[in-house]
Structure formats: structure tokens, C-alpha cells
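*Asks:* Listed below, chain by chain, are the residues.
Number of protein chains: 2
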Amino acid sequence: MKRIAILIDGFSDLSAAKTAVSVIRYRRSEMVAVIDSAHAGQTAETVLGAGGDIPVVADLSSCPDADTLILGTAPSGGRLPSGWRATISAALRRGMTVVSGLHDRLSDDAELAALAVEFGGHIEDVRHSGCTDLATRENLRSDCLRIHAVGHDCNVGKMVVMLELEAELKRREKDAKFVATGQTGIMIAGSGISVDCVVSDFVNGAAERLVLDHQDHDILLIEGQGSLLSPMYSAVTCGLLHGCAPHGLILCYQVGRTHFRHTNVPIPPLSVFRDLYEAAMASLSPCRVIGVAVNGRDCTPEEGTLACRQIEAELNIPAVDVYRDGAGRLADAVEALRTEVLSC
Amino acid sequence: MKRIAILIDGFSDLSAAKTAVSVIRYRRSEMVAVIDSAHAGQTAETVLGAGGDIPVVADLSSCPDADTLILGTAPSGGRLPSGWRATISAALRRGMTVVSGLHDRLSDDAELAALAVEFGGHIEDVRHSGCTDLATRENLRSDCLRIHAVGHDCNVGKMVVMLELEAELKRREKDAKFVATGQTGIMIAGSGISVDCVVSDFVNGAAERLVLDHQDHDILLIEGQGSLLSPMYSAVTCGLLHGCAPHGLILCYQVGRTHFRHTNVPIPPLSVFRDLYEAAMASLSPCRVIGVAVNGRDCTPEEGTLACRQIEAELNIPAVDVYRDGAGRLADAVEALRTEVLSC
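Quick mapping for you: the protein sequence lines, in order, are chains A and B. So the first sequence is numbered by this note's numbering: it starts at 1 and just counts up by one. So the second sequence is numbered by this note's numbering: it starts at 345 and just counts up by one.
These are computed hints drawn from the structure, not numbers from a lab. Where is the CB? At the ideal position from N, CA and C, for every residue including glycine. A few of these clues could be false.
Calculated cross-link-like contacts (lysine to aspartate or glutamate; reagent style DMTMM-like; alpha-carbon spacing at most 25 Å) [claimed, not checked]:
{"no.": "1", "chain 1": "B", "residue 1": "Lys346", "chain 2": "B", "residue 2": "Glu374"}
{"no.": "2", "chain 1": "A", "residue 1": "Lys18", "chain 2": "A", "residue 2": "Asp125"}
{"no.": "3", "chain 1": "B", "residue 1": "Lys521", "chain 2": "B", "residue 2": "Asp557"}
{"no.": "4", "chain 1": "B", "residue 1": "Lys514", "chain 2": "B", "residue 2": "Asp487"}
{"no.": "5", "chain 1": "A", "residue 1": "Lys18", "chain 2": "B", "residue 2": "Asp477"}
{"no.": "6", "chain 1": "B", "residue 1": "Lys362", "chain 2": "A", "residue 2": "Asp125"}
Here are the in silico distance ranges between beta carbons for each label pair [unchecked claim]:
{"no.": "7", "chain 1": "A", "residue 1": "Lys170", "chain 2": "B", "residue 2": "Ser629", "range": "41 to 47 Å"}
{"no.": "8", "chain 1": "B", "residue 1": "Arg653", "chain 2": "A", "residue 2": "Pro286", "range": "47 to 53 Å"}
{"no.": "9", "chain 1": "A", "residue 1": "Ala58", "chain 2": "B", "residue 2": "Gly534", "range": "51 to 57 Å"}
{"no.": "10", "chain 1": "A", "residue 1": "Pro286", "chain 2": "B", "residue 2": "Ala430", "range": "16 to 22 Å"}
{"no.": "11", "chain 1": "A", "residue 1": "Thr339", "chain 2": "B", "residue 2": "Thr602", "range": "57 to 63 Å"}
{"no.": "12", "chain 1": "B", "residue 1": "Ser486", "chain 2": "A", "residue 2": "Arg85", "range": "26 to 32 Å"}
{"no.": "13", "chain 1": "B", "residue 1": "Asp448", "chain 2": "A", "residue 2": "Pro286", "range": "35 to 41 Å"}
{"no.": "14", "chain 1": "B", "residue 1": "Arg641", "chain 2": "A", "residue 2": "Leu315", "range": "51 to 57 Å"}
{"no.": "15", "chain 1": "A", "residue 1": "Leu342", "chain 2": "B", "residue 2": "Thr644", "range": "32 to 38 Å"}
A few chain B residues facing chain A, derived, Cβ under 8 Å [what the hints assert, rightly or not]:
{"no.": "16", "residue": "Ala479"}
{"no.": "17", "residue": "Thr480"}
{"no.": "18", "residue": "Val542"}
{"no.": "19", "residue": "Asn548"}
{"no.": "20", "residue": "Pro575"}
{"no.": "21", "residue": "Val616"}
{"no.": "22", "residue": "Leu620"}
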């Protein structure tokens with residue numbers, strides 16, 4: 001058990017602070033504070049909509065019992081926000097562990113690295129795996145079911161869906177394992193490879209490496225990244241998809257998302273994604289979309305319910321909002337696919 | 345004009361030495377020697393099937409007039425062949441420029457870097473761009489035609505097709521520019537970004553960067569990499585495809601290639617690739633496959649001709665072997681597409 005302070009100073013809007021929100025939600029019992037000077041005195045629940053009465057404090061000196069500082073945002077491009085250096089330095093001077101998911105490697109920063117050495121602090125650059133494996137498509141265990149989350153865009157809830165699915169399958173006493181492929185997932189699961197930071201030649205290999213490392217479990221729930229049609233990030237998505245060689249896909253969809261994030265490029269209809277993901281797998285190994293996870297954070301409950309019904313009618317597979325409806329029906333679909341795959 | 349010696353020692357089979365063969369073919373007038381101890385005394389033509397009477401020599405001391413050493417292979421995974429260190433050291437001690445397309449960065453090697461400084465040599469790690477651009481899909485010039493080579497697998501001739509197409513379009517006095525996206529292409533063109541060595545988050549951005557940097561030309565011929573269904577390298581291919589936002593695709597196909605390179609995974613029919621590449625672009629911007637480049641290096645001329653006829657009948661687009669037939673019909677297809685795009 002750690003005692004975690006999470007830094008979001010200047011990045012408290014929900015879109016920017018998605019790392020913080022997820023870590024708070026899934027490591028709740030280890031959280032001692034949220035650092036955000038603009039909202040000091042409030043609670044995590046008020047500021048981020050998660051975390052209950054975890055206090056929001058102005059700076060690191062206000063949480064003297066914390067032993068771990070997690071950087072709670074990964075801005076587009078992954079650079080270190082300039083205002084954060086002082087807080088990171090202070091944490092290292094206290095001998096704390098600093099966990100970063102940025103592209104900028106804190107351990108490459110001479111000043112920060114020296115502070116860590118001098119004061120016994122630790123830097124964990126979770127985004128950097130150094131993975132240089134090439135995919136071979138060999139040695140995949142045939143009786144380990146591989147489920148992968150994909151989406152119509154990035155930041156639509158792919159990680160959360162897989163974490164909720166893992167929890168539901170474990171409640172059913174199934175041997176299911178969440179496999180993290182991004183910095184937030186790694187912060188939550190404690191292992192994984194941030195595939196978006198792997199050199200592109202090795203992305204497929206990194207995804208396959210994760211499968212090979214965890215296929216002693218019966219069911220792998222492999223976190224997804226980006227979108228196969230993302231103008232910005234499709235390289236990551238495509239390599240991850242092919243490298244993890246899924247039997248089944250959960251297609252994640254945010255109601256009301258009209259354009260790819262950070263662009264003016266319109267997002268095509270969901271059926272286009274279902275068809276494209278399946279076409280991209282079809283000739284390599286049998287794989288189909290078995291359910292849709294609908295993210296209703298930007299719509300009313302009624303709009304969310306309507307979206308689920310419309311998607312079910314169009315695609316003829318379960319469509320659920322795991323926050324509102326739970327992951328039960330998606331877990332049913334996973335179990336049904338496992339039965340089908342094992343009987344082949 | 346350089347005086348180039350190219351090192352292939354231990355890698356003289358045609359598949360391993362594809363970098364060397366291409367550099368020899370397209371920088372013929374600058375070549376002074378091929379270094380390959382197993383074939384010393386022969387000619388480049390005999391050993392590599394290209395390069396005419398360029399001598400093959402045993403070691404660097406046999407080509408005292410060379411000022412540039414190019415490493416003539418990029419083995420799978422891109423590591424430095426262990427036996428090459430002595431030759432590279434000798435070149436740097438002579439103050440030569442050493443050009444490497446390996447993932448291993450020669451300039452990160454303390455011993456080699458120190459030699460370069462001490463003796464005035466230069467190391468050019470052409471695979472390493474440090475590109476961290478994100479794609480935006482903004483500022484693309486509407487009257488610059490973007491043509492991109494794609495394929496059913498890696499190493500099927502995508503670069504050569506675009507170089508031959510550039511030469512043919514220039515013969516027709518068109519303002520066409522080959523845009524290199526891999527280490528061999530960069531060695532030939534003198535600029536470019538090796539997208540397979542870019543961190544995966546930035547692959548789409550690197551491809552877009554290349555377009556933005558060269559779109560003052562009327563026609564860009566953007567080198568392709570890998571295959572959208574490659575189990576090993578699809579991340580590179582997908583990011584490059586979306587990032588360069590092509591209007592037209594040249595689909596490259598090697599007759600007799602049955603399995604993805606270095607794998608036991610069978611390659612699906614060519615029509616699957618045509619459909620998948622077009623589907624992957626369809627919702628982003630208008631794009632279609634305008635021709636097939638057939639690589640007949642492993643078949644008889646009759647088999648090559650038959651393959652071209654069958655592909656033309658099935659896909660209803662020109663299919664040609666640019667080595668045997670020239671790039672004329674593909675250039676016609678490019679010119680026709682340019683007329684069509686400009687009239688929109």
C-alpha cells in the first residue's frame with residue numbers, strides 16, 4: 001500500500017485529468033491528496049467527480065505523509081508542464097517515488113535525476129519500456145481468450161471498460177486479467193507497456209510481448225489505444241490490434257463525439273469502425289466485435305439509453321454503459337465467446 | 345559527389361543486402377567499391393545483380409579513395425552486425441563519413457563517437473529523426489497530389505516503384521518529388537524520415553511533416569513501408585498511410601510471396617488489400633488504388649506477365665512490372681488522377 005498524492009495543478013478539467021480520475025477511482029484506498037492550487041480546500045469529488053472526500057491541497061507541503069507523487073495528466077504530446085518541476089523536485093528531496101506517464105523521461109533530466117540520487121527518491125517513467133521485440137505470431141496459447149478494447153476515438157473509456165469487465169469476471173470467479181497498454185493503466189495495474197511510446201517498428205511486438213507474458217490466465221482483457229481511423233494515433237492502434245491477436249473486440253463509443261479529438265476531422269458512423277476492425281483482423285485470425293461499450297459522460301441518461309438501443313438494433317450485439325448498467329452483459333458476451341473458442 | 349564504399353560483409357544475399365542494391369542502383373556514379381570479404385575480386389553485378397563492374401573488395405584498406413562508408417544492410421530488428429565494428433572504426437579513423445540505417449544509433453556508441461571526434465569523421469544515423477510532431481490534417485495543399493506506395497508485405501519493391509515513377513514523371517517534365525520514409529530511401533534521396541524508428545505516437549505526425557515539408561511540388565511520391573496486414577509492422581504502415589493523406593495508392597505485389605516475411609502467417613489475396621487500404625482511407629479523404637506494381641524477381645517473365653493480366657482483369661486497374669515494362673502506365677494513372685483531383 002502506497003500513500004499517494006496526485007498532481008493535477010493547472011489541469012483539473014476532466015478531459016486533461018483523465019489519468020488522475022482513473023488512478024483515484026481504482027487506487028482509492030491509497031490516495032491521500034490531490035494537489036491543485038486553484039481548488040485547494042475542496043474535495044476530489046467536487047473537482048474531479050471521483051474520490052469522495054480525498055482533500056484537494058495547494059502544494060506538496062500540505063500532504064507530509066505522502067510517499068508517492070503521481071503526475072496526474074498526460075497532455076497531448078506528453079510533455080512536462082513547466083510549472084510542475086518545483087513540485088517534482090520537492091518530492092524527490094523528500095525521498096518520494098515520482099511516477100510519470102509523460103513522453104519526456106524524468107530520469108533523463110539531469111537535475112531531477114541528481115535529486116533522486118542525492119535524497120534517495122525514485123523516478124518511475126512508466127511510459128518507457130524500451131521494448132524492442134518483434135511480433136512473430138508464434139507461441140500464442142490457444143486456450144487463453146484474448147479480448148481487446150477498441151474505439152471510434154481516443155479518450156472514450158477503453159481502459160475503464162476493461163477494468164470493469166475484469167472486476168465483473170473476477171466476481172464470477174473467472175481467471176481474467178487486465179493488461180495495461182498505456183501509462184494510466186500501468187499506474188493502476190502495476191505493470192504493462194505503454195505502446196504509444198514504443199518505437200513504431202516494435203509496437204506489434206510489444207503487444208504480443210504483453211500477451212505472452214500474461215497468457216497463463218484464462219482471459220486477457222487488453223487495454224486499447226486510440227482509433228484505427230485516428231488521424232493522429234492510428235499507428236498505435238493498428239500495431240496493438242494486430243500484435244495482441246484478439247479473438248473478440250469490445251468497441252467503445254462516446255455519445256456525442258463528432259470529431260476526432262484535437263482535430264477538425266469528422267468521425268464516421270460506428271458501423272464503419274465495426275467493419276474496419278473486423279476487416280483488419282479477418283485474414284489473420286478469427287475475430288469479431290462482441291459488444292459495444294457506450295460512454296454517456298456527455299449526454300443525459302435518456303440519450304445514453306437511446307444510443308444503446310439504436311446501436312443494438314443496428315449492430316445486433318449488446319451495447320451498454322458500464323457506469324450505469326454494469327459490465328454484466330459484456331461479461332456474458334466474453335464468456336460465450338470463450339465457450340465458442342474452446343470448442344473449436 | 346561522394347566516393348562511396350558500401351559494406352555488406354556477411355550479408356551478400358539479395359534479401360539481406362536490399363539497402364546496398366538500391367543505393368548502388370540509384371547512386372551508381374558515386375560508388376567506388378563494395379566491401380564483402382567472401383566475394384573479393386568479383387564485381388557488384390556478379391554478387392548483387394546490380395552495379396556493373398564496381399569492384400568487390402575484401403576490406404576498407406582496399407578502397408583508399410572512398411570518403412563515405414554506407415552500411416549496406418538493415419537486418420530485421422536493425423541491430424549492428426557484430427563483425428562490422430572494426431570496419432566502421434577504420435573508416436572513422438580515416439575521417440570518413442559513416443552512414444547507418446540501423447536502429448542501433450552509432451553516435452550513441454561511446455567508442456565510435458569518440459573516434460569520430462578524434463579523427464574528424466562523421467556519423468549519419470539516418471534512421472533517427474527525433475520527430476515528435478503530431479498530425480493535425482491541417483494546412484495540406486489541395487493542389488499538391490499525394491501518391492503513396494502500399495503493399496501486401498514488406499520488401500516487395502515499394503521504394504523502387506516510387507523512384508522509377510519519379511524518374512518517368514520527370515522525363516515528362518512534371519514536378520514530381522520522391523519522399524523517403526525509410527533508411528534506404530533517405531540514403532538515396534538525401535532527406536526524409538525513417539518512420540519505423542519514430543515513437544509510435546508520432547508516426548502519423550512524421551508522415552504529415554514530410555508532406556508539409558515537400559508540398560511545394562505538384563506531385564509527391566511517398567515511399568511506403570510494410571503492409572497494413574503485416575503481423576510485424578502494421579503500426580508503421582497504418583500511421584504512414586493516414587499521416588500522408590494520399591489521393592492515390594500504388595499497390596505493390598510480389599509474385600509468389602505466400603507468407604508475410606519472417607512469419608508463418610499466410611498472405612491473403614490482393615483484392616483484400618485493395619479493399620482494406622481503401623476502407624482505411626474512405627472516411628478520412630477520397631483515395632483509391634490507381635495501379636498495381638508487380639515485382640517479378642522470383643518468377644519467370646511469363647509468370648510475371650500472367651500475374652499482371654490476372655490482376656488487371658480482377659481489379660480493373662493497370663498492373664505493371666516497372667523493371668520489365670517501365671513506369672509509363674503508372675505515370676499515366678498518376679497524371680489522370682492529378683487532372684481529376686485538380687478539377688474537383
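*Asks:* The structure should be examined with respect to each hint, and the outcome stated for every one.
*Replies:* Hints versus structure:
Taking the CA atoms of B/Lys346 and B/Glu374, the gap is about 6 Å. The hint holds against a cut of 25 Å. As the CA atoms of A/Lys18 and A/Asp125 are separated by approximately 18 Å, the hinted pair is consistent with the 25 Å bound. Note on B/Lys521 and B/Asp557: the hinted pairing holds, with a Cα-Cα distance of about 11 Å set against a maximum of 25 Å. Restraint check for B/Lys514 and B/Asp487: the C-alpha separation of about 18 Å stays at or below 25 Å, so the hint holds.
Simply put, A/Lys18 and B/Asp477 have alpha-carbon atoms about 22 Å apart, close enough for the 25 Å limit, and the pair holds. Restraint check for B/Lys362 and A/Asp125: the C-alpha separation of about 37 Å exceeds 25 Å, so the hint is violated. For the pair A/Lys170 and B/Ser629, the supplied restraint of 41 to 47 Å holds, since their beta-carbon distance comes to about 44 Å. Checked against the given bound of 47 to 53 Å, the beta carbons of B/Arg653 and A/Pro286, roughly 33 Å apart, lie outside it.
Checked against the hint of 51 to 57 Å, the C-beta distance between A/Ala58 and B/Gly534 comes to roughly 54 Å, which is consistent with it. In this structure, A/Pro286 and B/Ala430 break the distance hint of 16 to 22 Å, their C-beta atoms being roughly 50 Å apart. In this structure the supplied range 57 to 63 Å is violated for A/Thr339 paired with B/Thr602, their Cβ-Cβ distance being about 34 Å. In this structure the hint that B/Ser486 and A/Arg85 lie 26 to 32 Å apart at CB is violated, the actual value being about 43 Å.
Taken as a hint, the range 35 to 41 Å holds for the pair B/Asp448 and A/Pro286, whose Cβ atoms sit roughly 38 Å apart. A hinted range of 51 to 57 Å is violated for the C-beta pair B/Arg641 and A/Leu315, which are about 44 Å apart. Between A/Leu342 and B/Thr644 the CB atoms are about 47 Å apart, so this pair departs from the stated range of 32 to 38 Å. A least Cβ separation of about 5 Å between B/Ala479 and chain A falls short of the 8 Å threshold, and the interface hint therefore holds.
About 6 Å separates the beta-carbon of B/Thr480 from the nearest beta-carbon of chain A, less than 8 Å, and the hint is met. Interface restraint check for B/Val542: the shortest CB-CB distance to chain A comes to about 6 Å, inside 8 Å, so the restraint holds. This hint holds: B/Asn548 has a C-beta 6 Å from the nearest C-beta of chain A, less than the 8 Å allowed. A least Cβ separation of about 5 Å between B/Pro575 and chain A falls short of the 8 Å threshold, and the interface hint therefore holds.
Interface hint status for B/Val616: upheld, as the beta-carbon distance to the closest one in chain A is roughly 6 Å, under 8 Å. Restraint check, B/Leu620 versus chain A: the minimum CB separation of about 6 Å is within 8 Å; hint holds.
Of the numbered hints listed earlier, those contradicted by the structure are 6, 8, 10, 11, 12, 14, 15.
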